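My request is simple: use the sequences and hints to build the entire structure.
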Amino acid sequence: MKRLLLATALTAILPGAVFATEVTVAAANVAPYLDPGRDHSNVGSQFYFNTFDPLIHKDYTKADMQAQPGLATEWTMVEPTVMELKLREGVVFQNGEAMTADDVVFSLNRMFQATFPPYQVRMRDRLANFDRAEKIDDLTVRVHVKREEPLFETLLNLQQTFIVPEDYIKGLTGDPKVAEDADYEAFSLAPVGTGPYAITEFVPGEKIVYERFDGFWGEKAPLDRATVLHVGEVASRLTALRTGEAQIATNIAPDQLAMIEGDATLKVEGAVTPLFHVMIMNMNHPKLKDARIRQALSLAIDRDLLNEALWLGKAVVPASHTMEEFGPLYMPELKTFEYNPEKAKALLAEAGYDGFEVTFDTQGSYYTNGLLAAQAITEMWAAVGVKASIRDLPKWSGNDPEMMTRNWSNPMYFSDPFGSFGVMWAPNGPSEAEGRFNTDAEYAEIWDRFRFSKDVEVRRTAYAELMDRIAANPPVLPLYRPYEAWAMSQTVTWAPKAGHIPYVLDFRAGSISVAAAN
Amino acid sequence: MLGNALRILLRMVLTFFVIVTLVFFATRLSGSPLDFVFGEGMSVEDRAIMIRYYQLDRPIWDQYLAFLGAFVDGHFGLSFIERRPVAEMVAERLWPSAQLLISATAATLLVAIPLGIIAAVWRKSWIGSAVMALAFLGYAVPNFVLAVFLVLVFAFWLNWLPVVGNGTPAHFIMPTLTLAAAMIAAIMRFTRNAMLDVLGQDYMRTARAKGLPESAVILKHGLRNAGITILSVVGLQVAALAASGSVVVESIFAWPGIGDLLVNAAIRRDYPVLQFAVLTVALAVILINAAVDLAYAWADPRLRHSSRT
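From first to last, the protein sequence lines stand for chains A and B. Counting in the numbering used here, the first sequence runs from 1 upward without gaps. Counting in the numbering used here, the second sequence runs from 519 upward without gaps.
Derived by calculation from the structure, the hints in this document are not laboratory data. All of these numbers come straight from a predicted model, not from anything done at the bench. Heads up, some of the hints might be wrong.
[What the hints assert, rightly or not] Straight-line distance between alpha carbons at most 20 Å, and here's what the computed EDC-like set of lysine to aspartate or glutamate pairs gives: (1) Lys62/A <-> Glu324/A; (2) Lys289/A <-> Glu357/A; (3) Lys207/A <-> Glu606/B; (4) Lys207/A <-> Glu610/B; (5) Lys135/A <-> Glu97/A.
In structure tokens:
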């Protein structure tokens, strides 16, 4: 009561003094650079949504794609391969420049017709069907695709197609009329967008400071300021909540949950992440060429037991490479993967398994529970008679011809199977390029129907066929969707939203609120 | 004295050049950044694009010459990941690391030498034994265990001390203690042993016979002579700390130091950063050693005179 009186007295003395709403986040990792076009890492994905907008937003409370106006207010297909978008009036970048059609065309073409090498890499794996963007007038833009694009809206919602300021970027280094590689590099250290928070301080790998941007076109940001600090140790992140140095802590491991639940001032918000931890198998390894061996390895893994033991049952074990976020393409009815040790034994006998050793590669605990899962999986293989050992490597081995099996992740980059299975397992995609997955003309034909058909039913049928192919000659087993938790002070109301890609820290209006600490 | 300094300088330059060359080739032998920065699932064309972008397609001798050239322009190249000058990144981290090194060294000297003397003088009483027990404890407890214990007690339970970063003097207490603990234990033991050596010497008896007060005997005649041994051990300990000691502590206390930068650069094979950070640390070690060498010459008249001949 005394404190309350004091506070009242203070507000009376200082009219106009408003108590600032601030939040500090203790993050396991802070991005080494911030450029939504170049980045597709799980570290970077945390930080873009507060500062940048896409042309087309979505309802982020829903898992699937439900388009909403973003920097474009309406859009129509004027030709089968041309979308015309009307831009929102009065949008301003955080550096004070007005957003124009030129900025939009520049942002999109820097990806679609990439010259900067990191953009070229991103363009090829997900934006390859886009041809170019062109300006019609100050508030109208057309986007051209090479073939009819069933995922037009979804792809204009991508982090990689967020809108950035043309003049600002070009002016960062060298010739202010030309976008040089060095301009993009400089931009990733001083990013500017149209979102509700401006990034006012960025120390790569250590610190990001967001401040409310009052010129934002939509509902204003609820926080005056949000600071993200790199705190690598999970115990230190939790301690920072107790000492009041932070109000939110990211990446809380499942075994820490009990400790937080025992503290009345703290709480946990968690969700199943739109990402699969998977086990991959090298189709071209001489010992694993027989599909029956790989089927057996897959059938021998009791994924539900892994979930119970490693994730306290909070992860989700899929029956196929599918998740709710895929919307109309979500197909839980597919039974692509199962646990059946008897069948595994039979297949091994049939294939004439002669007791050779199967290695499972892991990069320490690069993936949460990665090493523990590797140990459990090799035990499960031993139970069906497969001799197995773990290779704990310091690096990625998916392109190593010696690699037999290993762990990996297949994140969802956007809400469609093309944004998850599709990025990784396309014909000539990364898995095939690394020499551990083969496709043929038939696979490519099914793929084409899945990727480009405008008829959802045709796409579903084609995806089911792809899954049959994967089951018959398996290169991958999705283990589970991991459970990801954030710990926070009771004063903070925040939770991950179902409609985001993994790990997004969404501090926009309606997503976070902070009660005054007492 | 001047000749001695010159010789030390020449040795420094030569050592530095050898380290520069070793670091350059060793980092390249350890793997390609493409496997670590992008890692998962890159197509052949994408790899080729990025190799060109990082200029790793040039012959290795070209790269080596460019690397040596970078010392002249003071830029030291661009980080593969952050795409900013490496010198800038290291400069950002250097001062926090130095702060921690200085505070840990100061704490060590302030605590270890007096306790070492006490342990030597009262070696037969319970006081000496208690001090030595403390020293063994400091030796035996690994610094990450001590750090977690301190965090648990003083931050998690008592809420007295902050754990994140280097913002205020209070932030220094736990990291300094963690880093200094093992050093204190080591220096304390060396001080005790060096003092015991000296205390048995004839000139100590002479000093006492002259009627000097006991404190002057121990501090002036005793500590002065034990000082050379202590100095060499302090030099080694501080150099070791500068080279490797603070990685764990920086991680636990979210200290924005060079250890964290080194580890990340090593994991990602960010050659330019790794090279320069290793060199910075090497230079720090070389400088500390050189300072110790010079201090020797100052502390030990025999060295001072021998260098003249």
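Status of each hint after checking the structure:
| no. | hint | verdict |
| --- | --- | --- |
| 1 | Lys62/A <-> Glu324/A | holds (10 Å) |
| 2 | Lys289/A <-> Glu357/A | holds (14 Å) |
| 3 | Lys207/A <-> Glu606/B | holds (16 Å) |
| 4 | Lys207/A <-> Glu610/B | holds (12 Å) |
| 5 | Lys135/A <-> Glu97/A | holds (18 Å) |
Against the hints set out earlier in the document, no violation occurs for any number.
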